[in-house]
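K.L.:
If you want the building blocks of each chain, they are given just below.
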Amino acid sequence: MSSSLLLTIVLYLPLLGALALLAVPKADGVARAIGLGVSGVNFLLSLGLWAVFNPHAVGFQAQTRLAWLGGFGVTYHTGLDGISLLFVVLSTLLVPVSILAGWRIITQRVRDYMIALLLLETALVGLFSSLDLVLFYIFYEATLIPGALLIGIWGGPARVAASVRFFLFTFGGSLFMLLDVVYLWQATGTTDLPVLMGTHFAPAVQAWLFVGFVLAFGVKLPIFPLHGWLPSAYGEAPAPVTALLSGVLAKAGAYGLLRFAILLLPDAAHRFAPILIALGIVAVIYAAVIALAQTDMKQVIAWSSYSHMGIVAIGLFTLNAEGIDGALFQMLAHGIIIAGMFLALGMLALRTGTRELAGFGGAAGSMPKLALLAMLFAMAGIGLPGTGGFVGELLVIAGAIHIGFWTALLAGSGMILGAIYMLMLYWRSFFGAPRGALAGTPATSRDLAGVELAALVPLALIVLWMGVYPTSFTRVFNPRVMAFAHPEAVASIAPSAQFR
Amino acid sequence: MIYAVAILAPLLGALVAGLLGRVIGDRAAQSVSILCMAVSAACGVAVWTGAVQAGSPVGVLHLLTWISAGDFHADWVLRHDMLALEMVAMVSFISLLIHIYSIGYMSHEEWPTSRFFAYLSLFTFAMLMLVSANNLIGLFFGWEGVGLASYLLIGYWYNRPSANAAAFKAFMVNRVADLFFIVGIVLLYLVTGSVSYDRIFAAIPAHFDTVYHLFGTTLPVLEVIGVLLFIGAMGKSAQLFFHTWLPDAMEGPTPVSALIHAATMVTAGVFLLARMSPLLEFTPVTRDIVLVIGALTCFFAATVGLVQPDIKRTIAYSTCSQLGYMFVAAGAGVYQASMFHLTTHAFFKALLFLSAGSVIHAMHDEQDMFRMGGLRRAMPVTWIVMWIGSLALAGIPPFAGWWSKDAIISAAWATGTGLGHFAWALCVIVAFLTALYSGRLLFLVFHGQSRYDAAHLHPHESGPVMLGPLVILALGAAVAGWALYPWLIGPHQAAYWNGAIFNRPDHALIDHLELANPLLEWLPTVLGVLGLAVAWYAYLANPALPARLARAMPGLYRFLLHKWYFDELYDAILVRPYRALASALWHVGDEGVVGGIPRGLTALTAGGAATASRLQTGSIATYAFTMLIGLVVLISTFLLVR
Chain A
22 MSSSLLLTIV LYLPLLGALA LLAVPKADGV ARAIGLGVSG VNFLLSLGLW
72 AVFNPHAVGF QAQTRLAWLG GFGVTYHTGL DGISLLFVVL STLLVPVSIL
122 AGWRIITQRV RDYMIALLLL ETALVGLFSS LDLVLFYIFY EATLIPGALL
172 IGIWGGPARV AASVRFFLFT FGGSLFMLLD VVYLWQATGT TDLPVLMGTH
222 FAPAVQAWLF VGFVLAFGVK LPIFPLHGWL PSAYGEAPAP VTALLSGVLA
272 KAGAYGLLRF AILLLPDAAH RFAPILIALG IVAVIYAAVI ALAQTDMKQV
322 IAWSSYSHMG IVAIGLFTLN AEGIDGALFQ MLAHGIIIAG MFLALGMLAL
372 RTGTRELAGF GGAAGSMPKL ALLAMLFAMA GIGLPGTGGF VGELLVIAGA
422 IHIGFWTALL AGSGMILGAI YMLMLYWRSF FGAPRGALAG TPATSRDLAG
472 VELAALVPLA LIVLWMGVYP TSFTRVFNPR VMAFAHPEAV ASIAPSAQFR
Chain B
26 MIYAVAILAP LLGALVAGLL GRVIGDRAAQ SVSILCMAVS AACGVAVWTG
76 AVQAGSPVGV LHLLTWISAG DFHADWVLRH DMLALEMVAM VSFISLLIHI
126 YSIGYMSHEE WPTSRFFAYL SLFTFAMLML VSANNLIGLF FGWEGVGLAS
176 YLLIGYWYNR PSANAAAFKA FMVNRVADLF FIVGIVLLYL VTGSVSYDRI
226 FAAIPAHFDT VYHLFGTTLP VLEVIGVLLF IGAMGKSAQL FFHTWLPDAM
276 EGPTPVSALI HAATMVTAGV FLLARMSPLL EFTPVTRDIV LVIGALTCFF
326 AATVGLVQPD IKRTIAYSTC SQLGYMFVAA GAGVYQASMF HLTTHAFFKA
376 LLFLSAGSVI HAMHDEQDMF RMGGLRRAMP VTWIVMWIGS LALAGIPPFA
426 GWWSKDAIIS AAWATGTGLG HFAWALCVIV AFLTALYSGR LLFLVFHGQS
476 RYDAAHLHPH ESGPVMLGPL VILALGAAVA GWALYPWLIG PHQAAYWNGA
526 IFNRPDHALI DHLELANPLL EWLPTVLGVL GLAVAWYAYL ANPALPARLA
576 RAMPGLYRFL LHKWYFDELY DAILVRPYRA LASALWHVGD EGVVGGIPRG
626 LTALTAGGAA TASRLQTGSI ATYAFTMLIG LVVLISTFLL VR
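Keeping their order, the protein sequence lines are chains A and B.
The numbering of the first sequence is my numbering, which starts it at 22 and goes up by one.
The numbering of the second sequence is my numbering, which starts it at 26 and goes up by one.
So here's chain A without its partners, still in its complex pose (with noise of 0.2 Å):
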């Protein structure tokens, strides 16, 4: 089977999947089994992808192009390269994955959040695959549909306001894309991303496409101030969603930076870089700062990611090969370790009835199995060494220190706060005596189920494997982003290694 044809089966398998199960009866048991299945088949299939792929081939792999709009310089193309592969696997990954996890948090309307799931997986994979811009445009926008709904039906109380904020940032946002869109469009006559790339613009074009997609793709990041959304709809969110939107969707805004902001407009790329790494360091220690004062734990880890997207942040602009390395790194181990995160807090907020820190404590000690992955994607999170969470940060503090001492410093601060907020939530959650909601809990009477395990312990694996070999992953995207970075990542010492 040609690759390409595969990535179009991986691309619609979930839209077929969504469209069978509303053929199908109401009965959750065939909601869950079919969304299952099909995501299950999507991951094992989008495998097969990683595996043909060739990294040192230059260009796109797995390409599709078909006439769409053809008079308009439009067409419907599809392709990977080392950058954009990863992320289709992470989707595909995390889709299964939060499906399992919702086995026992999502009750209501099964067939329906079934649905949604499925259409955001092609939502996803449409999105890291598009050549086109339109093509792009359009699936990055169908993301906002089924992640609303997720947000706005399972979510919690105020999971209304909270689909709403969350669907008017994100639009807003893109218009800005829209409207960088139809400018390429106008000023080109194509909106095919490798004939783009190798167009030049003037730096004036550069600067305002820049601002563009740095709004739109900022949003989702978020890149600071542009969080406003992020509390409400990590916090209302369904634990399963949760895991989604910032293991995933996020993850997306970080893609579309680099993609169109990095690799489409170097010269404005490098003229605005010492800005966005000065706002990814303020997001990383003012996130991180923020994480503490917060009392409901869903909401630590919240931001934390946010803080953790400010590493990525920096780590793409200081636009050199172990930055861009690092921050792509980062990203995937951190779509993994946050996930794994939500998740576990979830099954533990099933367990105690409630998120507030303050309702109970001591889960430790009758939920062991839970307690050991919670401390496993903890210590991720805060970048220990031997987990995925180091590698990107470890890279992107050595990207940052060819910018200078302070900024390697203050990106690696995170490492500090991090810490503290990380540790005090999983003190006042795990350890101290059982309180609250889980006094007088029998021993282990309250720790995970098989179908929890299944969706956890994979993460956790995972989570090890990038730490102890993170070579599988750093060699797909590596000699793309050599490809970009290596004639200006020449370090220089002498003159002014400032932060500028």
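Hints are computed from structural coordinates only; laboratory data are not their basis.
Every residue, glycine too, gets a C-beta built ideally from N, C-alpha and C.
Please note that the accuracy of each hint is not assured.
[Said to hold, decoys possible] Quick list of the computed label-pair ranges, beta carbon to beta carbon:
hint: 1; chain 1: B; residue 1: Asp223; chain 2: A; residue 2: Gly374; range: 55 to 63 Å
hint: 2; chain 1: A; residue 1: Val73; chain 2: B; residue 2: Ala609; range: 25 to 33 Å
hint: 3; chain 1: B; residue 1: Gly488; chain 2: A; residue 2: Ala470; range: 40 to 48 Å
hint: 4; chain 1: B; residue 1: Ser608; chain 2: A; residue 2: Ala88; range: 15 to 23 Å
hint: 5; chain 1: B; residue 1: Ala609; chain 2: A; residue 2: Ala179; range: 58 to 66 Å
hint: 6; chain 1: A; residue 1: Ala470; chain 2: B; residue 2: Gly524; range: 52 to 60 Å
hint: 7; chain 1: A; residue 1: Ile437; chain 2: B; residue 2: Ala609; range: 49 to 57 Å
[Claimed, not checked] Residues of chain A placed beyond 10 Å of chain B at every Cβ, according to the derived structure:
hint: 8; residue: Val51
hint: 9; residue: Leu57
hint: 10; residue: His77
hint: 11; residue: Pro215
hint: 12; residue: Ser434
hint: 13; residue: Leu474
Assemble chain B onto chain A, guided by the hints.
P.N.:
Leaving out everything else, chain B in the frame of chain A:
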């Protein structure tokens, strides 16, 4: 190959005991972890003795590619040179003894102890990875792994608030130092283009004159790196300003304290400086800083140790103080002496902590020395081994500490600089203080009248599983100095280290440790004996004296008892302001300002409420489909209208 087994076996033990402990049962978990440790120790010691006989061959064992991105490369590689081999042998051996001892010590726990043994083995594994790394990233892996394991072990009794607080503190203090450490590593990478030892060391001399712009001025880049790495070492080795976590770390079970203070964890910083000797030899300013911080730590901790009523706290501060000695040696450029003291200290400090554990065990968790007394009759073996450990600590010949401590004090004098003589003076004073608090501990605990409630408490000697390790360690504390002296710093040192420790030929102080003046040579020893005598007078012959002194100088007494008020200071300038900042940013900054904008926007959107109500009804599929169509129409319109 055997070397790899020595390092990886504890990991296996940790995994089996940790993941399967509840399945295979407590006994089996203990047995597996101890068996793995025994294999590790046997292999470690075998490789070390083999290397000593074969003339310290240097080599690397490539295990796996690790990080490879851009120009940044770091692999999983085990390095075996003398510095690594000696540490592997020492760490695995001491850890094995502590594992065995723990069977007895933890036998009265209500929780299953498989988790405890898993953590102990994990701790050992991390330390072995640290010392056997071939690049700084590998070292950092062990470095952070040690941090994690110590966090888990200090907080082992996680239902105790004080244990959680101590574990949190240990992790955080270390993390602060580690940030500077990692920035130092990447700066070294920026300068030399590598993180592997051999490449770094080869590139360093060429960068002696390279400058770096920082703080608006130009500094030698090697000095900047040296200071950053040293800050990392300060955290792990609990040097002044970063020492606050170490005394609190005794919240964990006593075997943990022994492991932290003797073999793993705190020795990491000393090891780092020895490992980085090819760098430090080109950073004279950094070495002066190391010297001063080491001497100050040495003095500070000894003064605090004088007044602590808690037996474990007294020993903990003595560790802090002895680490100061090791840093003085490194600062003087005699890394061999710091490694020598590290090794002898491992024996007698493990011995002291495990003996203290034996006492605490017998006294049913009583740790206040003023509620002990006269225990020598009830616990004769513990009494004797604790004497041996204390004499070694106090630097009384021929016990181990005398050999290594004297070498350090001589090294400080041999520097011939003002700072060196300042450090020497402090070290000599501390030699007296060390003997004083060691004697105080012995006389309060084992001699004199018993001050506990003898009607309800019947202290008894510990069982053989605890006494066995004590006797072996006592043997080490008695002879390790004499036995290792010729190799580690004596006539054979150059052949023994075989380049693992680098000394610039133009100031190789290691060759000038013999002092001309016999008065200087014997001064620390005389002061040590004097310290013991004073302790005897103040705590046995005339026990009312210390209390009278404390009443006479209440300010000084409280200053020492409160550990120079470091904890209070940090609480006031760091902990509270940070909490206040978090709260202020959240409530005023984010909820108020950043969050307010979108709220206004939402209110402006007239359709907001209507959209919201519609969201809850109707089929999602149709709704989603409609929106998708709408989007396509929207874009197409944009594209068509031109």
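K.L.:
Evaluate each hint against the coordinates.
P.N.:
Consistency of the hints with the structure:
1. B:Asp223 with A:Gly374: 55 to 63 Å: holds, 58 Å
2. A:Val73 with B:Ala609: 25 to 33 Å: violated, 54 Å
3. B:Gly488 with A:Ala470: 40 to 48 Å: holds, 42 Å
4. B:Ser608 with A:Ala88: 15 to 23 Å: The hint (15 to 23 Å, Cβ to Cβ) is violated, given that serine 608 (chain B) and alanine 88 (chain A) are roughly 59 Å apart.
5. B:Ala609 with A:Ala179: 58 to 66 Å: violated, 24 Å
6. A:Ala470 with B:Gly524: 52 to 60 Å: holds, 57 Å
7. A:Ile437 with B:Ala609: 49 to 57 Å: violated, 19 Å
8. Val51: holds, 16 Å
9. Leu57: holds, 19 Å
10. His77: Check passes; 14 Å lies beyond 10 Å.
11. Pro215: Nearest chain B Cβ is 19 Å from proline 215 (chain A), so the label holds.
12. Ser434: Incorrect as stated: the minimum Cβ-Cβ distance to chain B is 7 Å, not above 10 Å.
13. Leu474: The claim holds: leucine 474 (chain A) sits with its nearest Cβ about 13 Å from chain B, beyond 10 Å.
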